[in-house]
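S.K.: Residue numbers (my numbering), protein chains in the order written: chain F, 131 to 511; chain P, 4 to 331; chain Y, 69 to 373.
Please keep in mind that the hints were generated in silico from the structure rather than gathered at the bench. One or more of the hints may lead you astray.
Label pairs and their computed distance ranges (CB to CB) [claimed, not checked]: (1) ILE494(F) / GLU102(P): 57 to 67 Å; (2) TRP224(Y) / PRO89(P): 54 to 64 Å; (3) GLY328(Y) / ALA446(F): 52 to 62 Å; (4) VAL483(F) / THR124(Y): 23 to 33 Å; (5) THR411(F) / GLY195(Y): 55 to 65 Å; (6) GLY328(Y) / ILE494(F): 28 to 38 Å; (7) ALA248(Y) / ALA208(P): 26 to 36 Å; (8) ARG309(F) / GLY195(Y): 35 to 45 Å; (9) ARG222(P) / ALA218(Y): 41 to 51 Å.
A short, non-exhaustive set of chain Y residues, derived as facing chain F with CB atoms under 10 Å [claimed, not checked]: (10) LEU70; (11) GLU73; (12) ARG209; (13) PRO288.
Note that this is a predicted model, so its numbers are computed, not measured. Ideal Cβ positions, reconstructed from N, Cα and C, are used throughout, including at glycine.
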Amino acid sequence: MKLKRLLIGGAAAIALAGAAGAEPVKVGMITTLSGGGAGLGVDTRDGFLLALKNAGEAGQQVELVIEDDQQKPDVAVQIADKMIQSDQVDVLTGIVWSNLAMAVVPAAVAQDKFYLSTNAAPSQLAGAGCHPKYFSVSYQNDNLHEAAGAHATDAGIGKVFIMAPNYPAGQDSLAGFKRYYKGEVVSEVYTQVGQTDYAGEIAQIRASDADAVFFFLPGGMGIAFMKQYAESGVGKPLIGPAFSFSQDILPAVGDAALGVKNTAQWSKDLENQPNAAFVETFQAEYGRLPSLYAAQAYDTANLLLSAMAKADLDDADAFRAALAQADFPSVRGKFRFGPNQHPIQDYYVREVVREGDVLTNKIIGPAMADHGDAYAEQCKM
Amino acid sequence: MTLNRDTVVNLAILALLVATAIGAHVLGNGFTVTLATKAAIFGLAGVGLNLALGYGGLISFGHAAFFGIGGYVTGILASHAAAGTPVATLPFTVMGSNEMLGIWPMAMLAAGLAALVIGALSLRTWGVYFIMVTLAFAQMLYYFAISWPRYGGEDGLSFYVRNSFPGLNTFAPIQYFAICTTLLAVALVFTAVVTQSRFGLALQAARQNSQRTVALGIRPYAIRLTAFVLSGMIVGLAGSLYADLNRFVSPAMLSWHMSGEIMVFVILGGVGRLCGPVAGAALFILLEHVLGGVSDYWQALLGLLLLAIVLFAPGGLIGILTQRRRHA
Amino acid sequence: MLLAEQALNGLQYGMMLFLMAAGLTLVFGVMGLINLAHGSLYMAGAFACAAVAAATGSFWLGLAASLVAAAAAGALVEIAVIRRLYARDHLDQVLATFALILVFSEGTRWLFGSFPLYLTLPPSLSGAVMLPGGLHYPLFRLVIIGFGAAVALGLWWLIARTRLGIRIRAGEADREMIGALGVDIARLYTIVFALGAALAGFAGALVGTIQSVQVGMGEPVLILAFVVVVIGGIGSIKGAFVGALLVGMTDTLGKALLPGLLSRMWDAASANTVGASLASVLIYVLMAVVLILRPQGLFGAGAGR
Chain F
131 MKLKRLLIGG AAAIALAGAA GAEPVKVGMI TTLSGGGAGL GVDTRDGFLL ALKNAGEAGQ
191 QVELVIEDDQ QKPDVAVQIA DKMIQSDQVD VLTGIVWSNL AMAVVPAAVA QDKFYLSTNA
251 APSQLAGAGC HPKYFSVSYQ NDNLHEAAGA HATDAGIGKV FIMAPNYPAG QDSLAGFKRY
311 YKGEVVSEVY TQVGQTDYAG EIAQIRASDA DAVFFFLPGG MGIAFMKQYA ESGVGKPLIG
371 PAFSFSQDIL PAVGDAALGV KNTAQWSKDL ENQPNAAFVE TFQAEYGRLP SLYAAQAYDT
431 ANLLLSAMAK ADLDDADAFR AALAQADFPS VRGKFRFGPN QHPIQDYYVR EVVREGDVLT
491 NKIIGPAMAD HGDAYAEQCK M
Chain P
4 MTLNRDTVVN LAILALLVAT AIGAHVLGNG FTVTLATKAA IFGLAGVGLN LALGYGGLIS
64 FGHAAFFGIG GYVTGILASH AAAGTPVATL PFTVMGSNEM LGIWPMAMLA AGLAALVIGA
124 LSLRTWGVYF IMVTLAFAQM LYYFAISWPR YGGEDGLSFY VRNSFPGLNT FAPIQYFAIC
184 TTLLAVALVF TAVVTQSRFG LALQAARQNS QRTVALGIRP YAIRLTAFVL SGMIVGLAGS
244 LYADLNRFVS PAMLSWHMSG EIMVFVILGG VGRLCGPVAG AALFILLEHV LGGVSDYWQA
304 LLGLLLLAIV LFAPGGLIGI LTQRRRHA
Chain Y
69 MLLAEQALNG LQYGMMLFLM AAGLTLVFGV MGLINLAHGS LYMAGAFACA AVAAATGSFW
129 LGLAASLVAA AAAGALVEIA VIRRLYARDH LDQVLATFAL ILVFSEGTRW LFGSFPLYLT
189 LPPSLSGAVM LPGGLHYPLF RLVIIGFGAA VALGLWWLIA RTRLGIRIRA GEADREMIGA
249 LGVDIARLYT IVFALGAALA GFAGALVGTI QSVQVGMGEP VLILAFVVVV IGGIGSIKGA
309 FVGALLVGMT DTLGKALLPG LLSRMWDAAS ANTVGASLAS VLIYVLMAVV LILRPQGLFG
369 AGAGR
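From just these sequences and the hints, can you work out the full model?
M.R.: Okay, structure coming up:
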């Protein structure tokens with residue numbers, strides 16, 4: 131384990147402890163660093179590390195332990211046990227996938243650890259299952275789909291074909307879209323998880339009288355669908371959440387993604403000073419453009435640092451209050467927490483464009499402003 | 004068959020496992036106790052598979068099905084007990100349970116029933132067909148579990164509190180380790196008795212020479228099916244314990260990687276040897292833990308190491324320790 | 069019209085599965101080897117195609133590279149590892165090839181990084197064409213159907229009409245015999261394995277073009293190829309062909325038709341989810357039915373070995 135443990139600071143941090151006025155905070159990052167889904171975890175890790183580096187001395191107060199969950203929920207649970215029992219971390223973070231978060235987060239917060247989500251934010255943890263020690267810094271899982279629904283309504287799309295994989299996140303996705311879509315859903319299709327051939331669904335899209343297609347197909351599923359859709363000659367416009375158009379995936383989709391509208395709470399061209407600094411330093415450090423996941427992890431680290439500057443972790447209530455203030459320079463510009471400690475933030479419509487040699491996203495307008503989530507009312511804390 | 008080399012090695016492996024857990028407990032290293040518990044549970048799954056694979060020659064690549072079923076039975080019963088709702092009302096009312104003593108028989112029963120159906124169909128085939136058919140049945144359950152929303156689908160099912168055992172605090176790592184190791188020991192004794200019984204000898208005879216067995220008036224199909232069901236039940240019990248270890252079940256327990264891993268435990272330790280799977284599981288977890296610290300690409304190193312063992316040490320770990328191969 | 073398009077989709081899917089299953093069944097049949105790493109060769113082909121196409125700008129060079137790279141990887145693996153396994157039981161073969169998957173997957177990730185690769189069609193093959201009857205259909209899917217049919221014919225010719233084919237058939241019938249007849253078995257096995265690998269790599273490149281090129285892409289296809297081989301009968305190219313088309317059609321038409329059928333009984337939302345769940349297990353049900361009726365598969369000789 132020693133080599134993997136990134137001790138940022140260490141002895142030097144203790145010597146400097148007086149500077150920031152607080153003890154070093156031990157953070158356990160559980161994320162996916164091997165296997166097919168490793169790209170998202172790598173960006174999560176790199177975004178988090180970059181924020182610590184950019185923070186200089188304050189960043190050295192964070193002692194980070196990183197472990198690979200292999201995208202397996204049982205492994206994630208065991209790592210969490212290890213981090214809590216052996217490493218005695220104070221804060222956990224980094225999980226990419228909702229099913230892994232559902233396995234880890236409830237037990238972690240029950241053992242009095244803070245959990246700051248860099249990505250996954252399932253509805254169960256936003257509603258009745260909310261917890262004072264659980265913060266989602268990314269969004270609530272339904273949000274990007276809701277924004278897509280709102281955008282489709284605003285754009286005057288009358289009939290839409292919607293499609294997602296047949297698993298809980300997919301079912302939440304279509305429910306989220308329909309929550310803010312006022313037109314007619316002509317067809318609702320559930321695909322297999324891990325499916326990579328969409329000829330059948332494309333035939334159904336062609337045969338339908340829909341004006342546009344909304345789809346949520348994360349990872350390789352989305353790459354496959356978009357390439358096949360572009361080949362099929364069915365010209366109906368596509369709308370989706372940002373996951374299939376994130377910077378880690380776009381190069382693999384290629385021109386098939388050009389012009390597709392997608393919704394997100396962040397984009398690399400969002401105009402604010404922290405974002406400009408983030409995109410520039412990320413490129414300088416890693417030689418690639420940051421993805422949504424990197425941006426969320428960057429914000430998570432900065433949120434943690436802001437709370438550390440205000441309160442001591444030994445005083446859990448004060449630390450929680452400091453986190454809840456969200457007093458940090460977010461790359462999203464505006465950021466605050468709702469009553470269930472999930473973000474209230476703006477969502478944007480982006481379009482996939484070509485800038486020189488690389489495909490990336492450009493904001494073309496707002497989708498929703500100051501949007502919270504549908505589950506906050508069920509949260510009693 | 005007095006105290007021969009195999010027996011010594013078997014006892015030494017168990018002693019080592021227990022000593023590791025107790026030592027870690029004394030030093031206050033709860034996580035190492037958890038790892039030892041995981042080794043005991045995976046060892047139990049391996050012991051179950053070994054009954055079919057090692058003694059019966061039935062190369063099942065689908066035992067994750069029984070592992071997962073055991074896990075899901077545990078998760079479903081526990082979540083219903085927590086919510087206070089019945090699991091089923093027809094044909095008769097089944098209530099949830101958070102008592103391990105009540106859950107284990109249910110998990111084993113369900114896994115055994117599944118093994119009966121899958122085995123009855125799969126045992127009509129042989130050789131490579133059998134490997135692939137068992138794999139395909141497990142995949143079928145895997146896809147079903149992912150897309151069936153009632154118990155969490157791909158998200159899996161969390162139940163937050165470990166089920167209880169009379170007189171013990173199951174949440175204390177060392178006490179849960181004691182439960183798992185005791186069950187492992189029981190399964191080992193059971194396997195030793197069964198393989199020495201008339202049934203066990205007939206099973207091994209059927210592996211070595213099917214025709215001669217038939218000539219002796221033994222029906223290999225019935226014998227093999229029985230072994231397959233017993234094997235599935237033991238693996239189902241292991242699945243139940245694993246679910247309790249993590250307080251969580253998910254379709255990942257049904258995936259073909261899981262089947263492959265259980266098989267790796269058996270082969271790593273030594274096929275058809277009583278404690279082989281336990282040694283294999285312990286070694287596997289140790290490797291995962293050590294290699295994981297060396298590189299992000301540790302799975303490649305694990306693969307190379309497995310390759311080396313298959314190619315150059317076909318008797319597995321116990322084969323190396325006892326210096327001879329059991330069967331070619 | 070929709071049904072005709074779905075039938076074409078099923079045909080194309082079946083052809084793709086055939087390219088995978090052909091190599092798998094050949095290696096089973098001739099060497100009696102179960103190769104779990106066949107999916108890794110499929111992945112190797114796709115990565116080679118993507119890397120060469122990116123470097124040279126030519127899709128066709130990439131496609132050729134997929135054949136060469138997968139065949140070379142296959143030959144290398146055969147010589148280094150696989151040939152030590154022929155005399156072993158299936159158990160050792162399963163474990164060794166399972167280990168090879170780990171090595172291939174993480175090795176590829178180490179070489180190419182964690183992010184999916186870009187691979188797309190040349191303009192000459194992209195877009196849709198109008199078929200008789202007014203059906204728009206993607207050109208490249210027709211090309212895949214064509215490639216699949218060509219490979220099927222080519223394999224039939226190879227096995228029925230050439231010296232290599234005679235040796236392969238002899239090898240399937242009696243392994244010791246052909247050695248006694250002075251055939252260099254080691255070389256024959258390497259060639260057969262490389263041939264199977266090349267077919268898998270070719271399939272990977274074709275599929276990667278319209279799907280995605282990423283680590284782990286071979287595993288779901290591998291399991292389906294197993295189902296195809298079981299249904300068709302081990303060692304039978306004809307069985308692999310029929311089995312592949314059967315699986316392709318069942319899967320595609322099941323997904324397309326089941327939700328519609330169920331919606332007559334239930335409301336649309338639950339019919340959709342239940343239909344999708346049922347469709348995903350349909351091919352396994354098909355396999356179970358075939359095994360109950362014919363345990364050795366549709367065209368199996370009966371030797372599972």
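S.K.: For each hint, tell me whether it holds in the structure or not.
M.R.: Hint check:
1. ILE494(F) / GLU102(P): 57 to 67 Å: At 59 Å between Cβs, range holds.
2. TRP224(Y) / PRO89(P): 54 to 64 Å: Distance hint for TRP224(Y), PRO89(P) holds at roughly 59 Å.
3. GLY328(Y) / ALA446(F): 52 to 62 Å: 55 Å Cβ-Cβ, so the 52 to 62 Å window holds.
4. VAL483(F) / THR124(Y): 23 to 33 Å: Since the Cβ atoms of VAL483(F) and THR124(Y) sit about 27 Å apart, the hinted range of 23 to 33 Å holds.
5. THR411(F) / GLY195(Y): 55 to 65 Å: 42 Å, violated
6. GLY328(Y) / ILE494(F): 28 to 38 Å: 37 Å, holds
7. ALA248(Y) / ALA208(P): 26 to 36 Å: 32 Å, holds
8. ARG309(F) / GLY195(Y): 35 to 45 Å: 37 Å, holds
9. ARG222(P) / ALA218(Y): 41 to 51 Å: At 49 Å between Cβs, range holds.
10. LEU70: Holds, because the Cβ-Cβ distance from LEU70(Y) to chain F comes to roughly 5 Å (cut-off 10 Å).
11. GLU73: 4 Å, holds
12. ARG209: Since the shortest Cβ distance to chain F is 7 Å, the answer is holds.
13. PRO288: Check passed: Cβ of PRO288(Y) comes within 6 Å of chain F, closer than 10 Å.
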